[in-house]
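Peer 1: These protein sequence lines are chains A and Z, in that order. For what it's worth, the numbering used here labels the leading residue of the first sequence as 43, then goes sequentially. For what it's worth, the numbering used here labels the leading residue of the second sequence as 4, then goes sequentially.
Simulated from the structure, these hints should not be mistaken for laboratory data. As the structure is a computational prediction, the values presented were derived from the model and not from experiment. Please note: incorrect hints may appear among the correct ones.
In silico DMTMM-like cross-links for lysine to aspartate or glutamate, where the CA-CA straight-line distance does not exceed 25 angstroms [said to hold, decoys possible]:
(1) Z:47 - A:285
(2) A:158 - Z:9
(3) Z:47 - A:274
(4) Z:47 - A:89
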Amino acid sequence: MFVWFHKLASPPYFYRLAERIAPWFGWLSLIVMLAGLYGGLWLAPPDYQQGDGFRIMYVHVPSAWMSLFIYVVMAVAAAIGLIWRMKLAHAVSAAAAPLGASFTFLALATGSLWGKPMWGTYWVWDARLTSELVLLFLYLGYLALNHAFEDQRTGDRASAILALVGIVNVPIIHYSVKWWNTLHQGPTVFFGARADIPPSMYIPLFIMIIGFMLYFAAFILKRLQVEVLQRERHTAWVRELVERS
Amino acid sequence: MSSWHEFLTMGGYGAYVWPSYAIVLVVMVINAVLPGRRQHALLKQLRRRVPNDRERQ
C-alpha cells in the first residue's frame with residue numbers, strides 16, 4: 043500500500059493517471075446527477091408544508107455537504123504538506139480550494155433563495171448561515187494567501203496554516219443547529235429525528251450527493267493537473283510532456 | 004409531479020427553485036470548463052518556451 047501511495051505522490055505518474063481517470067468521473071457524475079434531478083424534480087412528491095419549494099433541497103444540501111467535505115480534504119492535505127513536506131499535498135489543497143469556495147457560495151445562494159419563500163428573508167444572522175459564511179471567507183483567505191507570495195512554497199505553507207486553523211469552523215457549522223436554537227432546520231435526513239420522510243424524497247438526495255462527489259473527484263483531478271504542471275514547469279518530465287504533446 | 008405546468012411553475016415556487024438550479028448549473032459548468040482551458044493555455048505557454056531553451060544551448 044505504501045509503495046502505491048509513494049508512486050502516486052510522484053507528479054508524472056499522478057499526471058498521467060489523472061489524465062486517464064478524470065473524464066470517467068466527469069461523465070459518471072453527469073449521469074448520476076441527471077438521475078438524481080429526475081428523481082428530485084419529477085418523481086418526489088411535494089412537501090406537505092413547503093410544496094414544490096422544498097426541491098431546492100436537491101442542490102442546497104449536496105452543495106453544503108461538499109463545502110464541508112472539501113474543506114476537510116483541504117485541511118488534511120495541508121497537514122500532510124506541512125508535516126511530510128509533500129509538494130503534491132499542497133497542490134491538492136490549492137486545487138480543492140476553488141471548488142470548495144464555489145460549493146460554499148452555492149450553498150449560501152441556494153439556501154438564501156430557499157429562505158425567502160419559507161422564512162420571508164434572503165438572509166438572517168443565524169448560527170448555521172453565519173458559520174457557513176465564515177467558511178466562504180476561509181476559502182477565499184486560503185486562495186489569497188496561496189497566491190500572495192513570489193515563492194510558491196511560502197504561499198503553500200502560509201495558506202496551509204490558515205486551512206488548519208480554520209478547521210475548527212467545520213464542527214461549528216455541523217453542530218450549529220443543535221447548539222444554538224437556529225432558524226435553519228436541524229439535521230433532518232441523515233442524523234435526523236424525522237424518520238417519516240418517504241424514500242421517494244431522500245433517495246434522490248443521496249443520488250445527488252453521490253453525483254456531486256463524483257463531480258468533485260473529476261474536477262479536483264483536473265485542477266490538480268494544472269497545479270502540478272504549474273509547480274513543476276521547470277522539471278524534465280514537464281519539458282518532455284510539453285514536447286510530446 | 005402531475006403536469007408540465009406544475010413542473011414549470013413548481014407549484015408557485017418557480018421564482019426560487021429555477022434560479023437556484025440555474026446558479027448551480029452555471030457555477031458547476033464554469034468549474035468544469037476552467038481547468039481544462041488553463042491546462043491548455045499553460046501547455047501552450049510552456050511549449051513556446053521550450054524551443055528558446057534549445058536555441059540558447
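Peer 1: Given the hint that residue 158 of chain A pairs with residue 9 of chain Z, test it: the Cα-Cα distance must not exceed 25 angstroms.
Peer 2: holds (20 angstroms)
Peer 1: Residue 47 of chain Z and residue 285 of chain A: Cα distance at most 25 angstroms?
Peer 2: holds (10 angstroms)
Peer 1: Does the alpha-carbon distance linking residue 47 of chain Z and residue 274 of chain A stay inside the 25 angstroms limit?
Peer 2: Given pair residue 47 of chain Z, residue 274 of chain A holds - Cα atoms ~15 angstroms apart, limit 25 angstroms.
Peer 1: Residue 47 of chain Z and residue 89 of chain A: Cα distance at most 25 angstroms?
Peer 2: The hint is violated at about 52 angstroms.
Going down the numbered hints, you'll see the structure goes against just number 4.
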